[in-house]
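Protein chains in written order, with the numbering used here: chain A, 1 to 291; chain B, 1 to 291.
Hints were generated in silico from the structure; no laboratory data involved. Ideal placement from N, C-alpha and C gives every residue a C-beta, glycine not left out. Among the clues, some could well be false.
What the hints assert, rightly or not - Short, incomplete list of chain A residues facing chain B, as computed with Cβ under 8 Å: (1) D113; (2) T114; (3) V118; (4) L142; (5) L147; (6) R247.
Unchecked claim - Ranges between beta-carbon positions, derived for each pair: (7) B:G119 / A:P256: 49 to 59 Å; (8) B:G119 / A:D16: 18 to 28 Å; (9) A:R178 / B:A120: 28 to 38 Å; (10) B:G111 / A:Q216: 28 to 38 Å.
Protein chains: 2
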Amino acid sequence: MSHSSTQLPQLLETADPMRLAILNARREGRSIGLVPTMGALHEGHLSLVQASVSKCDLTVVTIFVNPTQFGPGEDFGKYPRDLEADLAALATVSRDVLVFAPSVELMYPAGYDTRVVVGAVARPLEGRCRPGHFEGVATIVLKLFQLVPADVAFFGQKDYQQLLVIRRMVSDLNIPIRVEMCPTVRDADGLALSSRNRYLSPPQRQQALSLSRSLQLAAELVAGGQRDPQVVLRRMRELIQQAGDVRIDYVALADPDTLQPVSSMDRPVLALLAVRVGPARLIDNGMIQPP
Amino acid sequence: MSHSSTQLPQLLETADPMRLAILNARREGRSIGLVPTMGALHEGHLSLVQASVSKCDLTVVTIFVNPTQFGPGEDFGKYPRDLEADLAALATVSRDVLVFAPSVELMYPAGYDTRVVVGAVARPLEGRCRPGHFEGVATIVLKLFQLVPADVAFFGQKDYQQLLVIRRMVSDLNIPIRVEMCPTVRDADGLALSSRNRYLSPPQRQQALSLSRSLQLAAELVAGGQRDPQVVLRRMRELIQQAGDVRIDYVALADPDTLQPVSSMDRPVLALLAVRVGPARLIDNGMIQPP
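Only chain A is shown next, with the shape it has when bound in the complex (with noise of 0.2 Å):
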């Protein structure tokens, strides 16, 4: 299917059709990648559809907020929604991706009332600090593997715990799919991007960059021989610290596998952090290497 005479990427709201269009994909012999998104998308995501359509055949793309991700008092009402720009950013990329947009309905009909529950991977970190928000991906995740059965999802290092867990669910759940994953795309200052960095005031941005910035100060402590996780982390937070009024909501350095936390840092470990600048709570996380 060509669509080389719209403007846009063909967009689908329903299950059938996109199921269909998936399965005439697959008799064709085409090899199928699924880029899952909350939409308001940026070079972050349209690198994700870069690698899929780089490597697959064809290329779904998903925009659906999906509720219950959200915790009570978090940004579900306000995060950003705008399907016209988003569909306009993709066809930058390419105007062959499909993209499916279900409604809240669709997903969650009246009567629904099944959760997915990944264990330990899903615990500490963004687990603690979100409760019940990994349920609320592992479950969209597995729906949206069934509506689209693709060959290969990608997602992003920026939600590296996500990833984990969607991994352990993907294995343990015998789904036939294989999850890559895409390295952090970051602005030229260093800030990971974020759909949630437009909530962030021009002097908020300025604070945001203590993120990324503990990140590269843990890279540079361990190049220079430190090896004491307790004196990289109080390094790491006194430099957010002084990036003025946000707050720390972890951070850590942790097994990349287990995220668990190390004790030393002889091999690589994985720096991991939220931090609230603002209105906006951001994540970023980093693989440290010792030399």
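Go by the hints and put chain B onto chain A.
The following block gives chain B in isolation, referenced to the frame of chain A:
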């Protein structure tokens, strides 16, 4: 694939050949039926296989005694396992079925950590008597639905609540499979077939007839004009208790869709019961229709 030259159905014990067989069948445009079992096959299971063989081009029977749906102190250890006898029984229906009999280690490898939880319909009756049972059922059935992506799955009415739980899950998680209910198969004296019937001594088997007889009594009472669920329940319990040394887990008259207790019997009502007879915990159910 024809196996007329072999004596027994083809047995697969790992995931990749199983999925490959399904993908090949799909490519040939064949419809696929799935009959999930725990083995110890009896005529009830074989009626499900027969239903699948008559409606689908390829039938897959899974045999897996699923540890996660047994509670502590239940009969997981002594549950009858006899793969050779099961294959021979299947051969009496069709030698063209595929049998998938994975190991516990394949289904729950080290690090396994994901559960599927269905809500309200899984809570009363069996859910109350066997905490965690339906989580185990939902999880293993979801896994089997991923490993054997069939068009239709066949389940028996005897496990009525299980069927409702699976239908809720399939609908909620957008799993592209149809769940078909087949009637309970009974011995000539009315006892519903169950792999656990073989735990019964001859006198206990006589006591076990009280289950189907109480369902019969309920139907007769309603046919005779009785509309008070409390009266019907009392008469059912009395009949069972007169059978001797049995223990009632529950006797219920419930809405067939929600399994919530009914306050009148003017519409079709499901009678469900669970009774311990000697070493066996037996269940049965039947629709009670007002004339």
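Verification of the hints:
1. Of the supplied interface hints, the one on A:D113 holds, with its beta-carbon coming within about 4 Å of a beta-carbon of chain B, less than 8 Å.
2. Below 8 Å, beta-carbon pairs count as interface contacts, and A:T114 has one with chain B at about 4 Å; its hint therefore holds.
3. Hint status for A:V118: holds, given a least beta-carbon distance of 5 Å to chain B, under 8 Å.
4. Against a cut-off of 8 Å between C-beta atoms, the interface hint on A:L142 holds, since the closest Cβ of chain B lies about 6 Å away.
5. Because the smallest distance between the Cβ of A:L147 and any Cβ of chain B comes to about 5 Å, under 8 Å, the interface hint for this residue holds.
6. For the restraint placing A:R247 at the interface with chain B, the shortest Cβ-Cβ distance is roughly 31 Å, beyond the 8 Å limit, so the hint is violated.
7. Taking 49 to 59 Å as the suggested C-beta distance range, the pair B:G119 and A:P256 does not conform, at roughly 34 Å.
8. A hinted range of 18 to 28 Å for the beta carbons of B:G119 and A:D16 is consistent with their spacing of about 26 Å.
9. The beta-carbon spacing between A:R178 and B:A120, approximately 35 Å, falls within the hinted interval of 28 to 38 Å.
10. Our hint of 28 to 38 Å for B:G111 and A:Q216 holds, since their Cβ atoms are close to 33 Å apart.
The structure shown violates the earlier hints numbered 6 and 7.
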